[in-house]
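Make the full structure from the sequences, and use the hints.
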Amino acid sequence: LSTDLPSVVWFGHSSVLIKSKQGTVLIDPIFSKSAGPIPGMVKAFSGSTAYTSYDMPSIDVLVISHDHYDHLDYKTVKRLKDRIKKVVVPKGVGSHFIKWGFEPDRIKELNWEESIELPGGLQITATTAKHRSNRTLATDKTLWASYVIKADDYKIFYSGDGGYGNHFKDIGSKYGPFDLALMECGQYSPNWPTHHMFPEQTAQASEDLKAKMVQPVHWGKFAESHHPWNESIKRLLAAASKYNFKVSIPEIGQPYTIGEPAKTFDWWGFEN
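The numbering of the sequence shown is my numbering, which starts it at 137 and goes up by one.
Everything hinted at is true.
Quick list of simulated restraints, FRET-style, between CB atoms:
1) Pro326 to Asn270: 19 to 29 Å
2) Pro240 to Lys277: 16 to 26 Å
3) Trp328 to Lys179: 18 to 28 Å
4) Tyr311 to Ala186: 28 to 38 Å
5) Ile252 to Ala374: 36 to 46 Å
SDA-like mimics (lysine to any residue), calculated; alpha carbons at most 25 Å apart, straight line:
6) Lys310 to Glu250
7) Lys310 to Ser251
8) Lys305 to Asp289
9) Lys235 to Pro175
10) Lys348 to Gln259
11) Lys370 to Ile394
12) Lys244 to Pro255
13) Lys310 to Thr264
14) Lys211 to Lys235
15) Lys214 to Ser231
16) Lys277 to Ser251
If you are wondering where the hints come from, they were derived from the structure by calculation, not from laboratory data. Note that beta-carbon positions come from the ideal geometry of N, C-alpha and C, so glycine has one too.
Set out below in structure tokens:
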């Protein structure tokens, strides 16, 4: 990415790189070939691992939404460690980074509605999400969050993981509209309806947020539920047709520049 215009690259699941003149932001990276505490527990789809930690540039800020293994990956973080200037995490998650050798002054923990101003003109605010956290049998010992990422020429919302609720309207009213919303859309199940959104709820949440463009994340790399790998995209597009926002579905590694038309090629249309 060489443009000064803000560009976004998705690497599968919820791993996203944002590059702009204000700085480079990497969100929830997982470049390992599996997710979970046991190697091979949840294997990445064939063809979804072309990019690795070694392809990443210098990172001004690493943003983590919560400490589940598919969002906070030890191997990825360790390989990126020397290229990360600042880490922004929800309350309690910083302890993992301390254990992994990060200096405390490189880590900023946020409660919901707390912000950090970064050199270059970036502001990152932790916002509400309805989810859980754990890396052991002890649950909910650390916080989880969504985020508002704001600069003078763009505003992005990242949902992290979580169920639908009125908090999306509250965030939209306080911080919206958004040039781009990176929205969880995958790994849902009737067995955990309050912790992950169904695609129709993703569409409603995007409308609540006052998003202009929506890019689905949390899909395309791992199967953590039982629905077909591309069902979430089909259902999101059907649900979004009654709303005003557009849906962009770039391929893994394909840049999307904020303000340009949506990426609509149906590369995801084949059945696995």
